[in-house]
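Asks: The primary structure of each chain is shown beneath.
Protein chains: 4
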Amino acid sequence: MELNGVPIDNTFAEGFPIWMSRVIITGVTREWALIAATEATGFATSAIGCPCEAGIEGYLSGDETPDGRPGVSILICASKKKVPEQVMERIAECVLTAATTSVFNGMPDAEEKFDIKIHFFGDKFESKVEVGGRQCWKIPIMEGDYVGEEVFGMVKGVAGGNFFVMADNQMTALMGAKAASDAIFEVRGAITSFAGGIVASGSKVGAKNYKFPIPATTNEQYCPTIREKVPDTKVPEGVKSIYEIVINGVDEASVKKAMAAGIKAAVMVPGVSFISAGNYEGKLGPFQFKLAELF
Amino acid sequence: MELNGVPIDNTFAEGFPIWMSRVIITGVTREWALIAATEATGFATSAIGCPCEAGIEGYLSGDETPDGRPGVSILICASKKKVPEQVMERIAECVLTAATTSVFNGMPDAEEKFDIKIHFFGDKFESKVEVGGRQCWKIPIMEGDYVGEEVFGMVKGVAGGNFFVMADNQMTALMGAKAASDAIFEVRGAITSFAGGIVASGSKVGAKNYKFPIPATTNEQYCPTIREKVPDTKVPEGVKSIYEIVINGVDEASVKKAMAAGIKAAVMVPGVSFISAGNYEGKLGPFQFKLAELF
Amino acid sequence: MELNGVPIDNTFAEGFPIWMSRVIITGVTREWALIAATEATGFATSAIGCPCEAGIEGYLSGDETPDGRPGVSILICASKKKVPEQVMERIAECVLTAATTSVFNGMPDAEEKFDIKIHFFGDKFESKVEVGGRQCWKIPIMEGDYVGEEVFGMVKGVAGGNFFVMADNQMTALMGAKAASDAIFEVRGAITSFAGGIVASGSKVGAKNYKFPIPATTNEQYCPTIREKVPDTKVPEGVKSIYEIVINGVDEASVKKAMAAGIKAAVMVPGVSFISAGNYEGKLGPFQFKLAELF
Amino acid sequence: MELNGVPIDNTFAEGFPIWMSRVIITGVTREWALIAATEATGFATSAIGCPCEAGIEGYLSGDETPDGRPGVSILICASKKKVPEQVMERIAECVLTAATTSVFNGMPDAEEKFDIKIHFFGDKFESKVEVGGRQCWKIPIMEGDYVGEEVFGMVKGVAGGNFFVMADNQMTALMGAKAASDAIFEVRGAITSFAGGIVASGSKVGAKNYKFPIPATTNEQYCPTIREKVPDTKVPEGVKSIYEIVINGVDEASVKKAMAAGIKAAVMVPGVSFISAGNYEGKLGPFQFKLAELF
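Chains as they are written, first to last, in the working numbering: chain A, 224 to 518; chain B, 224 to 518; chain C, 224 to 518; chain D, 224 to 518.
Same shape as in the complex, but just chain A (with noise of 0.2 Å):
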């Protein structure tokens, strides 16, 4: 299969199940959600060494949001034990702390709830309030008043979305993958969670050459500049860079929705050459995102 001249790999990307809660910030212009939202995701783009995955969904205009303000809307995700702490850790340190800001539920529809008890913070001078039919804390604190929900929704979603961009040269597939980055930006219910929603370094799991035990090494089969030392590369002959975008999202079809935006975005920048997508050969994760089927 071709797209723009592209050829796409007759593969598919492997994903598997994790929990994720939906968190809106709402600030007084969306400069200052931003800054929040941006503090909030830092420090998780793998749950391999991050205390979680994270990363900004989208915008919100004022009519999207409970408070009439506008948003940005992230997700949070990670096991279904750590979910609820990670949101009160992130919510208590880097919104609540943030100038302007509201949180509230963004998965009230939910089945699996859970309560972060945020108001204690205000030491009993805090009082309920009602936010645009929300059950919100008001919470005094130094720049004014903070308000906020408390129980938030989890669903149990889909992680590992991925594909990769190909060039031969690195240029070509970080432009590409930039383009892919920015486009699932666009898609609601997904995230990119690594740092600009690229990974330059892929891994495997433990080591093949150090004998210790280590965590995660380098996926050298997608090492392009090893490719001639490594007898079972991936790497397509010409191909002189690679760059993944990894993609969690709420449900199937999200994942879906944008790994077809991304590949079609990379496709179009000039001198990307292949487009595949890692598995482990069906044996990890329930679900089989086949590149094929995704247009």
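Mixed in with the good hints, there may be bad ones.
To be verified - Beyond 12 Å from chain B on every Cβ pair, some chain D residues (computed): (1) V378; (2) G412; (3) G429.
Claimed, not checked - Simulated coverage check for chain C against chain A, where a stretch passes if three residues somewhere in it have a Cβ under 8 Å from a Cβ of chain A: (4) 288-296; (5) 405-416.
It is worth saying that the hints were derived from the structure and are not from the lab. We put the CB at the ideal spot given by N, CA and C, even for glycine.
Position chains B, C and D relative to chain A; hints supplied.
Replies: Leaving out everything else, chains B, C and D in the frame of chain A:
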């Protein structure tokens, strides 16, 4: 004392020691270095609930970096034991995985050094390489080769530099705080770890009114909306909003310089009515930054 | 009438016809399309002193552009005679010369069309090419080939949509205006041509106190700092700062939608105290946008 | 000569005199100064079709501006007669109307001065005021009072500093040009007037193949896609994309410094394969900037 007609409180900020390391992140353009630096310094506002305190110190031109590429300098602050761990994790998860980045030791002259052994990620495909006189490792990854240093210096710096920007309305206090935060960004040796460099909700240790253990609650003495309910309020009459700027610096001089730059900028914003600072009456920290002596 | 507790003046904005063309600029990423669009819409705040009025209407995803690349839509507004000239100049100088851009007719259904003959730049090295069903020219340039349309539509739209955001201090009025400008950016069919979408200095035609010819002077009726000196002042008591949002739209409905979105956003900013609008008592323009009927 | 392994052509850039004025725009924060500066320097890429050439020279901290607020410095370049007119128009339309801005003479020591009489806008409500030792006018406007200087200096500077960034693919050449443009932004005394600081389409005076009068057409000697059709092509073998960086500076030294900084940055981008420069064989301009002598 007054500055641009704004009264400067006759008080001091109280600081205490904190260990910190400077990591220089370079990229193919500043934008890409900044993307990685932003991810690496996220979820790092306050050591109370985050794994560390971190922030972007400033931009570096190609003339100022070991590899001649544009860079972003970050500071990562924590206990002496946790700094190496956090530098390791944040580089491994947020920078090594980011597009086009390299990392370098930003404190080559520090006596205290540590080693982050990131080259094991190469699974023996890595090799040593010298860049700008620095001993680096070259690790094959998907985008090409990652190059970076592994040995970093750390110093015992100063946390808790701070001042308050006050006004009779929230938007004015916010713009004053923003102007301050922008000005501090230009000062080398200092960071503001909170989102946007601004703290909207100050805290006190423990609680007064809740009887169960809780690490921190709102600092009601600085809450304008409950000024009438708090007998020992420190909110000046007429003040309706307060933002705090919290500064960590590599030494006392950097914190002083950052405080001075920030306050000078804040008082230029029309409507900012009072500048003060927070302390524990000298009981907690060995450093006292008297506002009157900053200028 | 009140909105979020803020009084909305019982008045109307007065608009008048203006010709305008929509140019779609695409680029390899949105960033590069935006760089060109920003240059092309600069020096275009007011037809009084600028060659035209222009602004960025909004972003387009790859699904919304003829060539499948991300885009930025701009509107260029002037007299019927000047629109073709300004579209020509701004494309030739600011977009053709910019990196990775293409331009497309953003009003393919308009009855009124014009032709900008940009292909002569190719000095007979150019050729015709079809992109997304559009008849384009391909012109060899340094970066590779420039591709773009030459025939553009234009419509008689509406200029002069406006409202005032008022507060008892400047920073609050400014943040209210900024929130409004951000909200209007989301409305298709409308632009705000002034810097940042905000007007800080309103004007009246001619002068009252200077006797020599002068095209425009400050509108003293809306100047808070001389409120006491101007008998017919329109500054409400207590108001210390006013910003105006001026809107051009492709039709009356777009202007109304933009005004409504902007006002709804402005009144959410704490401290914004009054919303009004400017008119010439119905003497100048055929369009009257009553604030009370917008919602 | 080589730089970072990239051949630097044995040629020179040819420059010629141009008059220019520096305007310092300050704002309540850098963001607001930048918003005005961006509008004021738009539609100003090339004097061929724009009313002037203009660009942002750099950022100024509060310590570097007359009023102690953060600022943005711009250069406006044109004929000696047109500089005053363009400074007047761009300040009046784009800065006076923008939020929170002031303007100051950025060339107080220039022998050549001009006066823009902007205070007539005040319709006799204006008054004189001194700011930072500068004689300014205070004009009542809607947001409050506008304050700014009216007398500006101008100097005979240098236009036409330039170099070409070449690569075997477009994305690499683009990133090389972007790195160069970023680096030049840090050099005081120089601007790049084109969108993003980058020129994608070079031109020659007049036409070769069209017989009617036309001011400029594509410079086919530097067009990679028609390399085989142009006997006197200057496109090196293997080069598929070229971007030009065009620089105006206040003097020869500034242009040299900017060219050096830009070229040094460009050659760090992986894949950039050749650097050259454009000239008219010394027939046009009195300034020759030999690439080999820049470093």
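Asks: Classify the label on D/V378 as holds or violated, using whether its beta-carbon is more than 12 Å from each beta-carbon of chain B.
Replies: 26 Å, holds
Asks: Beyond 12 Å from chain B, beta-carbon-wise, is D/G412?
Replies: 16 Å, holds
Asks: Just double-check D/G429 for me: nearest Cβ-Cβ distance to chain B has to come out over 12 Å.
Replies: It holds; D/G429 is separated from chain B by about 36 Å at its closest Cβ, greater than 12 Å.
Asks: Are three or more residues of the segment 288-296 of chain C within 8 Å, CB to CB, of chain A?
Replies: It holds: at least three residues are needed, and the segment 288-296 of chain C offers 4 whose Cβ sits within less than 8 Å of chain A.
Asks: Taking beta carbons only, do three or more residues of the segment 405-416 of chain C come closer than 8 Å to chain A?
Replies: holds (count 3)
In the structure shown, no violation is registered for any of the earlier numbered hints.
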